[in-house]
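Now for the letters of each chain:
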Amino acid sequence: MSRTLLIRGGRVIDPANGIDGILDVLVAEGAVSRVAAGIEAGTATVLDARGCIVTPGFIDLHTHLREPGFEQKGTIATETLAALRGGFTTVCAMPNTNPAPDSATKVEALIERVARDARVRVFPIGCVTRDRAGRELAELAELAASGCIALSDDGSPVANPRLMRNAMELARALGLPISEHCDEPELSHGGSMNEGRVSERLGLPGQPQAAETAAIARNIALSEATGARLHIAHVTTGRGLELVAEAKRRGLPVTCEVTPSHLFLTEDAVFGANTEPLYDTNAKINPPLRTEADRLALVRGVNEGIVDAIATDHAPHAVEDKLCEFDDAAFGISCIETALATVTTLMARGELNLLPALRALTAGPASVFQLPAGLGTLSQGAGDITVLDPGHRWTVDAARFASKGRNTPLDGIELTGAVRAVILKGELVHEQEPAGV
Amino acid sequence: MLELRNPDAPVSPTEAPAWHRKDLLDTDTLSVAEIELVMETSEGMREVRSRPVAKLATLRGVTVITLFYEQSTRTRASFEVAAKALGADVVNLTASGSSVEKGETLIDTVRTLEAIGADLVVMRHPRSGAPYLAARNTSAGVINGGDGTHAHPTQALLDLFTIRHHAGGLSGKRVVIVGDVLHSRVARSNLWTLLAMGADVTLCGPATLVPKTLDGAASETARCSVTTNLEQALDGADIVMALRMQKERQDKGLIPSLREYISGYQINARRLALARPGALVMHPGPMNEGVEISPEVAHGLGSVIEEQVSNGVAVRMAILYLMATARHS
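Protein sequence lines correspond, in order, to chains C and U. Be aware that the first sequence starts at 1, since it is given in my numbering, and climbs by one per residue. Be aware that the second sequence starts at 1, since it is given in my numbering, and climbs by one per residue.
Simulated from the structure, these hints should not be mistaken for lab results. The structure presented is a predicted model; accordingly, all values stated were derived computationally and were not measured. The C-beta atom is built at its ideal place from N, Cα and C for all residues, glycine as well. Please note: incorrect hints may appear among the correct ones.
Claimed, not checked - Far from chain U by the CB rule (all over 12 Å, computed), these chain C residues:
(1) R11
(2) D20
(3) G30
(4) T43
(5) N166
(6) G190
(7) S199
(8) A210
(9) G272
Claimed, not checked - Chain C stretches covered by chain U per the calculated footprint, using a threshold of three residues with CB under 8 Å from any CB of chain U:
(10) 277–289
(11) 326–333
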């Protein structure tokens, strides 16, 4: 029998239900029972949320948990705790593990580990091709039956258009979306950052923007031909977003996500803030950080609702994966614990708007992968809530991350906005006093 | 002319060298005063080199380690001769046959060299930015002897030294750098010194091999432009620098063929005639004669290519001297 909890006096924002007001939320029997003003506390434990925003638990469509196979980078236990601290109550696990979940047996093994170790809800994403190798299709119906909510080869784009077309035909029949890292590998070949001003200055091989936009255009064409749901992972270019917007205008089943890293940072992060270049491997990410014009286009895309989800692409790495020459360093940023704060910092700067940004963390992603009813909402029966303090200022200290990955270019940066409390399945599972006030 | 003296001798504040850098990683952050200091010091070293016994004991007790992860003939030999001419102890390491082959990281390697007693590490590495990583992780001074397709600061400084000997001041001069600029660490480092000293720079090559975003790079006194039109670029140029064209660029599809490159971009007598009469011809070496430069031009009247090599020793002596002296003061 769970405690009754009253979250009192916060600004409740529930994009799915069009709620935005200073209200109380009563959580009883593991679920939201009422959202209203002036609810009597009675015997309930009271969580004072004045000055805070109360919103559905965040949903991440793009998380790397690293287990099985890369436990030195992260485990289901460490990375889901990191998610919880970041305000995420649901994560969708990308399949770049070893082994990769390309069969029911492997997915079932993953689900068992999740049941044992996970601190938040985890939905598995199955492979499109066997071992994510891009040669033959994985047994997609079996993956769907074993509980996968989407299909993806993650960082290995399905380069062969015929194979992708077939995958889409089958995925459509199964009702599963394909989440695709849109990249034309022959174009981005060997590139370790965005091709342009900074790469030419630093003598680093670049990935041209056309590598992304060409692949987005191809995959939209295949989605149109097959009717399959296409989810475009981490759009990074303004032009790529225009292609998505056009597909949406034409009514195609196309959705997209952007990462907090691409909303917050540009290619300049590789160079660093000083006159002498830093070659910051912690700013090495795939697809790469782009230009300021692209960043602003992504921000606008969130505000205008073209972006369905803000997804983290949380990619923890071991120290040695990043403490090396730039071209040899692994791609990825450990960002699930800073994602919300980067978003709220952009709100504080007047760039991102509150309502569309929160929608992109809650109802938006729930709808993209058609997650079970209630997730991403504060509807009656929903159990996941995140309470955040949008004005709290703090300094990122990667050494204090719950994630095993301390690979962030934001270490030492001051951000505005922090998670205060997280309620998962009706239980207060994480509470954090504003530190350093 | 600069007097070289024992670093142990007392240094009065007015005479103290204005060199305070632990490392020399690129030319991009060098001030005009620092560049002038290297030039002046190099003059002194050039004079030393002309003596019957061209050897000093100035850097006696200083250990210089050359750490080369890439093949090199001239740069490594040039540094070794320079260090020995100053009386330093020199140890040469290459990646093959060392602990690097056993999987040691760059950071561990430079820390090991520091523990062994390296004062200065001269490093060449195939990865752009690698010397920056090394420099951040050792108290030894790091000299970038060429990193990937990024920078080659000592080459740029010796090129500048050579130009000044022939052309005098750089202000208002026009330098054309021709070839595979995109992959050239020599071109980038030269760009920063030339702009700083007031020379306008034109980067020229096939469209796939020029870094277009460097068009418009500028200092307070000079500007860089990028073009694919060699004839226009050469018109009235004071200095023409040809870069090595690798066969690999054809294999990767960046140029249709060496033959087409030659017909469009080789520096030959006919094209050189477009430049200012008496224009200097330079090449960082090693040359592919008959590809990026015709033999008649490479060995012709305006060519200072061999002088670049011999000046390299003097300039590297100056850099080693300045850096070692800065460490002792």
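A quick look at each hint next to the structure:
| no. | hint | in the structure |
| --- | --- | --- |
| 1 | R11 | 45 Å, holds |
| 2 | D20 | 44 Å, holds |
| 3 | G30 | 50 Å, holds |
| 4 | T43 | 58 Å, holds |
| 5 | N166 | 30 Å, holds |
| 6 | G190 | 10 Å, violated |
| 7 | S199 | 8 Å, violated |
| 8 | A210 | 14 Å, holds |
| 9 | G272 | 10 Å, violated |
| 10 | 277–289 | holds (count 3) |
| 11 | 326–333 | holds (count 3) |
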